[in-house]
Structure formats: C-alpha cells, structure tokens
Amino acid sequence: MTTSDYLIVFMKILGSLALLIYGMKVMSEALQKMAGSQLRHILGAMTTNRFTGMLTGTFITCAVQSSSATTVMTVSFVNAGLLTLAQAISVIMGANIGTTLTAWIMSLGFNVDLTLVVFPAFFLGIILIYSKRRRYVGDFLFGIAFLFFALVLLSSAGKALDLEHNPAAIEFFKSFDTSSHLTIIIFLLIGTLITCIVQSSAAVMAITILLCSTGVLPIYLGIALVMGENIGTTATANLAALGANTQARRAAFAHLLFNVFGVVWVLCLFYPFVDMVCRMVGYDPENTTLSAAQKATILPIVLAMFHTCFNVCNTAILIWFIPQMERVVCWIIKPKTNKEDDEFRLRFIQAGIMKTPELSVLEASKEIHAYAEFTQHMFGMVRDLLTIKEDDAFEQLFDRIDKYEDRSDDMEVEIAKYLDQVSDAHLSDDTKEKVRQMLREISEIESIGDSCLHIARTIGRRRAAKEEFTEAQLDNINQMFELVDDALTQMGAVLVKHKNEVNVDRSFTMENQINNYRSQLRTQNITDVNDHKYTYTIGTMYMDIIQECERLGDFIINVVQARMCMK
Numbered sequence: 002m003t004t005s006d007y008l009i010v011f012m013k014i015l016g017s018l019a020l021l022i023y024g025m026k027v028m029s030e031a032l033q034k035m036a037g038s039q040l041r042h043i044l045g046a047m048t049t050n051r052f053t054g055m056l057t058g059t060f061i062t063c064a065v066q067s068s069s070a071t072t073v074m075t076v077s078f079v080n081a082g083l084l085t086l087a088q089a090i091s092v093i094m095g096a097n098i099g100t101t102l103t104a105w106i107m108s109l110g111f112n113v114d115l116t117l118v119v120f121p122a123f124f125l126g127i128i129l130i131y132s133k134r135r136r137y138v139g140d141f142l143f144g145i146a147f148l149f150f151a152l153v154l155l156s157s158a159g160k161a162l163d164l165e166h167n168p169a170a171i172e173f174f175k176s177f178d179t180s181s182h183l184t185i186i187i188f189l190l191i192g193t194l195i196t197c198i199v200q201s202s203a204a205v206m207a208i209t210i211l212l213c214s215t216g217v218l219p220i221y222l223g224i225a226l227v228m229g230e231n232i233g234t235t236a237t238a239n240l241a242a243l244g245a246n247t248q249a250r251r252a253a254f255a256h257l258l259f260n261v262f263g264v265v266w267v268l269c270l271f272y273p274f275v276d277m278v279c280r281m282v283g284y285d286p287e288n289t290t291l292s293a294a295q296k297a298t299i300l301p302i303v304l305a306m307f308h309t310c311f312n313v314c315n316t317a318i319l320i321w322f323i324p325q326m327e328r329v330v331c332w333i334i335k336p337k338t339n340k341e342d343d344e345f346r347l348r349f350i351q352a353g354i355m356k357t358p359e360l361s362v363l364e365a366s367k368e369i370h371a372y373a374e375f376t377q378h379m380f381g382m383v384r385d386l387l388t389i390k391e392d393d394a395f396e397q398l399f400d401r402i403d404k405y406e407d408r409s410d411d412m413e414v415e416i417a418k419y420l421d422q423v424s425d426a427h428l429s430d431d432t433k434e435k436v437r438q439m440l441r442e443i444s445e446i447e448s449i450g451d452s453c454l455h456i457a458r459t460i461g462r463r464r465a466a467k468e469e470f471t472e473a474q475l476d477n478i479n480q481m482f483e484l485v486d487d488a489l490t491q492m493g494a495v496l497v498k499h500k501n502e503v504n505v506d507r508s509f510t511m512e513n514q515i516n517n518y519r520s521q522l523r524t525q526n527i528t529d530v531n532d533h534k535y536t537y538t539i540g541t542m543y544m545d546i547i548q549e550c551e552r553l554g555d556f557i558i559n560v561v562q563a564r565m566c567m568k
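Numbering (our numbering) for the sequence shown: 2 to 568.
Please keep in mind that the hints were generated in silico from the structure rather than gathered at the bench.
Subject to a maximum C-alpha distance of 20 Å in a straight line, what follows is the list of computed DMTMM-like cross-link-like pairs (lysine to aspartate or glutamate): (1) K390 - D476; (2) K418 - D407; (3) K390 - D400; (4) K467 - E396; (5) K534 - E468; (6) K534 - D476; (7) K404 - E374; (8) K498 - D431; (9) K418 - E434; (10) K404 - D385; (11) K26 - D140; (12) K404 - D392; (13) K367 - E502; (14) K498 - E364; (15) K175 - D285; (16) K367 - D411; (17) K467 - D393; (18) K498 - D486; (19) K367 - E413; (20) K534 - E472; (21) K367 - D421; (22) K418 - E364.
Modelling step: build the complete structure from the supplied sequences, incorporating the hints.
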C-alpha cells in the first residue's frame, strides 16, 4: 500500500469511530427519551439494597448502552438527594457490568456481516422519525444503524490496512515484551489517556478490537488497553460532578476507586487471569499457527469475555464492602467549607422503601417539615440579596437561589411520588385524607420557592436597570420581609407540632397583617409616584416585591390550613 492509501484508510477509521460515537449517543439519548421519568423511578424504587441497586445499574446500562449515561444520571440523583451514596455505589457497580454488553455487540460486528440489517434500519428509522408518535423509536433505529454501520466500516478498514502483512507494524508490536508487567502498565496508561481524551470507552474498545483482530496487537496488550479504558471512562462522571455537592463528588470518585481497585488486583494476577479467560473461549495465547481469519473471529470474543469477567469479578468482590468504600470516599473528599449547597437532602423517606402505610405517612410528614425549612432558608438568601453591593457576590448568590428553586421542584416531585406510592396501599379514611392534604402542602411549599425566585429576579432587574430604592422603600421592604419570615417560622411550628400545641390563630393574624400592610404600601406608592419621590419604574419594581410577598403569605396560610385539616 502507498502512503496515500494508508492515509485514506486512516481517515476512514477516524470517520468510522466518529460515526460509532455518534451512533451510541443517538441510541442512548433515544432510549432515555423513550423511558422518560421511568429511569428515575427505576433508580429510586429498585435500590433498596446493594444487590437490587447493582441489578438496576446493570439493567439501565444494558438498556441505554452507556455506562457514562447511567453514572452521570446517578451522580445527578445523589446531587438532588434522591439517592444515598451507598445506593449510588451499588448502581455504579451494576453500570460497569451492563457496559460489557457493548463489547459483545462490537465483537458481533467484527464477526457477522451486518449490512443486511443496517440499511433496512436506516430506511425504517427515517420513516418513524417523521412520525410524531414513534420518532424516538426512529432515533433509536438510526442510532443502532449508525453503530452497526461504523462497525462494518471499521472491519473493512482493518482488512484494508492488511497489518498482518505489514513488517513495520509487526516489528513495532513485537518490540514490546508481553511478559513484562511494565509493558502491560504502559498500555494500560495509554488506554486510560485515550479514553479520557475521546470521552468514549466504546471508541477505545473498537480500536482495540480492530488492532487485535488483525493479529498484530498481542492479546495481552489489547487486554491492557481494555483495563485502561475502564479507568478512563470514569472521567465523564467525575467531570460532571465538579460543580455538584459533596455527596455527588463522592459518588463519582467511588466509580474511579472501584475501577482502580479492580485494575490493581487484576494486574497482580494478570497472566493467570487472562489465560483463564482465554481458556473459557477456547483460545491459546501461545498458539501462533492461527490464520488471520481465525484471529479475526476469536480475538474480539476474548476481549469481550475479559471485559465481562473483569467487571463481574470486581463487583462480586467489592459489593460486600460498599460501607467501607463509602467511608473511604468520605474520608478522601471532605465537605465544602460552605455547606449551603449540601444542606437539604431527603432525610426521612427513601423511594421504594415502603414500610407500613401509617409509618410512611409519618416519614413524609417529617420530610415536608424539612422541605419547609429549606424554603425558609431560600427566603433568607433572597433577603440577603437585597443588601449585596458587589457584582460577583450578587451573581453568586442569585445563582444559588436559582439552583435552590430547581431543587425545590425536584423535592416536590419526589415527595409527591412517595405519597402516591403510599396511597396505592390499603389506607384508612383518615390516612387517605392526610395524604391528600400533604399533597396540597408540598404544592404550596413549592409555590413559596417560586415566589422567592420571582422576588430575586425583581431585585436583579432593579440592579440591571441601575435603579435604587429609596431609604423609605428599603425600610418598607425589610419590614414586609420580617412579617413573611415570622409567618414562615410559624408555619414550620404548625408542621412539626400537634395543633393543640400551637396557636393557629397567630398564623391567620400574620396573614392579615401582611395583607393590610400590602394594601397600605400600594396606596402610599401611588401617592409617592405622583409626588415624584421616585420614578414610576422603581415604583413598579418596589410593588412587585411587595405583591409577591403578599402572595407568599397566601401560600403560607394555605399550608397551615392543609395541616389543620389533617390532624
């Protein structure tokens, strides 16, 4: 082959790898869209212990064909407080097993002519894409067709390279001593580096299968690349967790710790372990008489089998030590100095853990109180936002409020889903009424979070417009904030105590005070604008904050009324 021929084949390989990564991405995203919220439900409902968590991770990764998607999803759920660290570790272990299916699909692509499947899949996929009801199925077919087509192109490119008859390539790989652990470690690091760069373990697996199937890359070195890919693939989740809370970063680091531990013990037993895997598929690494066609058939299967055995054995060992792994990652990754982002987690309920219905309702009641405390803390940040002068500090606090509002939405959904599970059980009439009122409570508490964000945005608009409140306006806003904060404190007392222990009339008195003060300030605002004490624009922003505080008071009293109907 001439230099130009090699260049053409090389570009074909690069294009095939790009097509492979794109096909995996399209297929994974389509499956996630088809599953929708069910993935979250499955992750929550099936992680009651380490074994169900592991099986859940395996199932989801096999379904979406992406361990990165599963681990990133898991880290995000830990960040939202929907999974504990121990649950996340078990799911990540399962994801490592589930991702081995990708290697088996690739080994199939190098052994079977998939062109008979690829083109009908493209045709059917494009028809379904233009059908609104089945467009995600069409996306999935397109993704898997791209995946298989890429494997066909890679296989043909490997044959075109004809490396088994290339003396330079053969001599290059022969220069490495396959019996040396140092060589194995070097190739392991190469596999790790490439995977970190391309952010796709599937691409590295495809390259490894291509090189091994041509017969020039010894199976020991190919397996070293696969081991490196196992470490490199953890980079995706760790990158995703950089901006997350402490628990999420710990979950991502646990993924790295799990795979590094597996690589270390396999390195200690490398040659016996690889020889055992080879015997399982009927391949002798010392046999040099195999033809190129035989190697192209058997070596992809050896790599897929090793990938499976490595992850299954590693999980079988470490699944018994999840508590110890949890302690290690907690010791290595310390909590942030500023714990505000880590304050609120689901503490009293866990999705899928259904005890007696009455006990479940009690746990949900405690969680709702914690949810209310969270929104009051959010309101406190809004009060602080009004007094901040520095731009950087303002933006940082505003972003945190925005993040809290998103978390508030997630908490409402998760508590509502838990209550929905409780309501499916056989409940007494009193308990059914409690569940109904709790659903009303969380809806109103979520609205409190919305109001907090609306007030923060109004303050942001005032800052962007370079307008300033007068001293009188600031005093009035702060007084209104004080009334609302007192009402929130009283609401928290109502949620945590029995109605005989709290003075409910005080909540209604506070609500009347807020309403009356709003009316007084609205009238005064019209007079002040007419008297040119401040502009109409700043008067509008000022009243937006006052009106939103009054709405917030309405949501508070609705929560109190719901709790009074419950007891």
